[in-house]
Amino acid sequence: MSVVTKISFRNLIRQRRRNILLGICMAVSMCILILVFAFTSGITDILFNKVLVYMSGHIRIEMTENTNSFKQIIRETDRFMRIAEETVDGIGEIYSEVGSFVRCLGNGKTSNVVLIGMSSDDLDDPFLQQMKMVEGSVEDVLLNTEEDAIFLFQQTADDLNVKLGDTVKVRLNTFSGQVQSAVLTVRAIAESQSMFMDMVSFMREDKCRELLNMREQESIGIVMNMKNLENPMSVIEKANKLHAALKPDIAGITAGVTSLNGESELDLLALLTDDESMAIYTDYFTVTAGDIAQLKDEKTGILLGEQKAQELGVVPGDTLSFSYRPRFDQTDRADELKVVALFSTNSPELNNTAFVHEEVFYNNYFSYLPELEPKFAEEHPLAPALVLQYILLDRSADSDAYMKKYQDLRKGEWKGAVVDVQTMYETASMIISLQYVLNFIGMAAVFILFAVILIGVINTLRMTIRERTREIGTNRAIGMQRADIVNTFVSEIFFLAVISCVVGLIIALGLMQLFSLFVFDLGKNPLTMLLVDGHLHFVPRISLILLSCYIITCISFCIAFFTSRRASKMSVAEALRHYE
Amino acid sequence: MKKLYKRIAIKLIFSFLFGSTLWALPAGSQILAAIDEQQEMSEDITAKVKITQQKPDQGVRILECVFYRRDRDDAFLIVMTAPDNEKGNGYLSDGDNMYMYRRNTRTFQHVGRNENIGGSDASMGDMEQRKYTELYHVAKDASGKEIIVEETLGSAKIPVYRVEVIAKVSDVKYPKMVIWLTRDKFLVLKTDSYSLSGTLMETAYFTQYTVIQGRYIPLWQKFIDRFEEGNMSVVELSGISLNRIDNYVFTKPYLENLSK
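Here the protein sequences line up with chains A and B, keeping their order. All you need for our numbering is the position in the first sequence, starting with 1, plus 308. Anchor point for the second sequence: position 93 equals 75 in our numbering, and the numbering is continuous, going up by one each time.
These aren't lab readings, by the way, just hints derived from the structure by calculation. Note that CB positions come from ideal geometry on N, CA and C, so glycine has one too. Hints are supplied without guarantee of correctness; some may be wrong.
To be verified - Some chain A residues close to chain B (C-beta under 10 Å, calculated; not the full set): (1) K477; (2) G485; (3) V491; (4) N521; (5) Q525; (6) S675; (7) L677; (8) Q715; (9) L717; (10) H843; (11) F869; (12) F870; (13) R873.
All chains should be built: construct the whole structure from the sequences, respecting the hints.
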């Protein structure tokens, strides 16, 4: 150990009382910094990994359909989940949502509840595992085949005036807008967690689907949660990647077509009937019979190739029947078409293709996806005028952009389906803003407190070094150089800071354990969402602990350096004469 | 005496042969077509509508609006006139699309059939003129016979048909209904509406039919919620006119100007 280091340690012990008091101030500062950082990390952890995960997920795919009414439904859930799993890395869990807002009628009381379907596979879900049951069990609900069972949180059970074994009546709308009702038996009640979670109730997913009149492949949305999300911003990049992978193809149906004189198989594509699209295909097609302009008004109209028309023995004005097998149904879909015009073509890909009014697809394709769907080149000149499998909405930067996007969408007169890839930043940026504000308030408060303490520490350090000016003069007189003087003091303060930081860390960890034991019963206060089972939640992170230590040692170093350097520049004689 | 018996016998035979035809129940499709004919307005209709909504936990709420309807174009326009927080808001259907107008933001939004009107239990779909023949067919019993029964209704014992109908399409609010309608003019007097699972959800009464230019219009309608007992709404029509409505009425600019 060098002489300077030995002197520094000796000085630490020599001026015990002063150093202990100084060390306590530094330790308290360190403790406060660590506590506040851990608390704000805890808030972030709760909001991102608990609240948002269940509220909107980290990334979400949503599909809205408007054929004859607005519906939020994904018709082919497996397809979208497969694309998501192939494209997005770091997925902790991915699941499809089945559920609805329902009006719940208990014993003389009513309440609005979010009813969510869960399967028996979800029994291992950490969310269900950590529930504290008051009565009954989750298995009694999710494995119950004898009755339609429901799981409630205690607060909702109280609101509805029901207990285990009671029945509740629910009223909801199916996704197609039909009124539906059911009687459910309460088979599990769990302790209330937060105002946010209390609204949610669970039942078997297959029963929930039945209530909502949804097929097995259909869902309300697809939710993805990342593993151990430490950098929340990373979901944006993942969502952008997923968005690029979801580019839609042109919608089509391979159907059997029958006329009075014959039958054939055709690939049907749907033409948009807005002015811009009509201009595209009016220019493109060489019409040999009929009037292509009639397609705008004839909602069952079909544009048929000459060759096919001859095969079927039809002319403009004739009626055709078409039918196809849907992907997820056993019964064929059938409809009628009216020939409005015939076209000639030299393109081989159009020989077996016919074009129908978009309304035909709105009545058939979107609700009954075809088993056989033809591929049509997106580079084809007609592509801009054809109906797509869905419209992929642009990504939004934040909640405001997200809301504006949907406002613009609702002002427009669109039909078909739209798909949106959302991250928690768009759908829950109010929660994220809350997190920033809470963090900011926490940090501001701690730095004000920190500044107050620091002023004391700085003053004490300066006083200490000033009082030892004669000692500095003595050391200089016996041959110690200025640099050694500075190093002595800086080392002394540095070691004091490090020891204080360690002590401060130990105290902070102990206080975290102590504060976590307190239970806060806030009732229905929204701040309950920041607690875990009524307890404060601290997440000490190594990086933030090291940052706190770095801040304190840096400040101490700077004060010690500049003060001791100033003192070391005094002449030896002046230093020896110094008197406080 | 023999002549008398002969006359009676002839009358009985005549009644047997032709009376069953005369007294046969109408076919279900006939009844539904008659309801459609009764409800479809070949003329335009303008009316003031007052909705009194009663909920035990919320008290009484009164909504007033002006309602314009043109069935031949499937168009309607509703402009709210009361209460103050709804005044100036509107709802427009031009046959293909439905819109909601908000006066405070001066914006139109494309809405669906399930959009509630003025925060009431009535929806845009309820205002649409959709034909019973397109939406429903008459239910059949186990033997395949249509469920049409002759009954009397109320203390006045009005002779009615009770008809049970099942939805043919999935985008209809109530998948099953039971309708009581007068036997002579096929005026709907009462309906029971059922959910998809077969639970009675709503009972509606249509009374005080008045004749305006040869059309029967119910001035007083009561909707009773059978799911949440105590909830009910009363719809009263007044100031009805069947005069022609100008085309520009069923447009966004008109609604916007009206709401200023």
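Hints and how they fare:
no. : hint : result
1   : K477 : 7 Å, holds
2   : G485 : 5 Å, holds
3   : V491 : 8 Å, holds
4   : N521 : 6 Å, holds
5   : Q525 : 16 Å, violated
6   : S675 : 8 Å, holds
7   : L677 : 16 Å, violated
8   : Q715 : 7 Å, holds
9   : L717 : 8 Å, holds
10  : H843 : 35 Å, violated
11  : F869 : 61 Å, violated
12  : F870 : 60 Å, violated
13  : R873 : 65 Å, violated
Violated hints, listed in ascending order, are 5, 7, 10, 11, 12, 13; each of the other numbered hints is respected by the structure.
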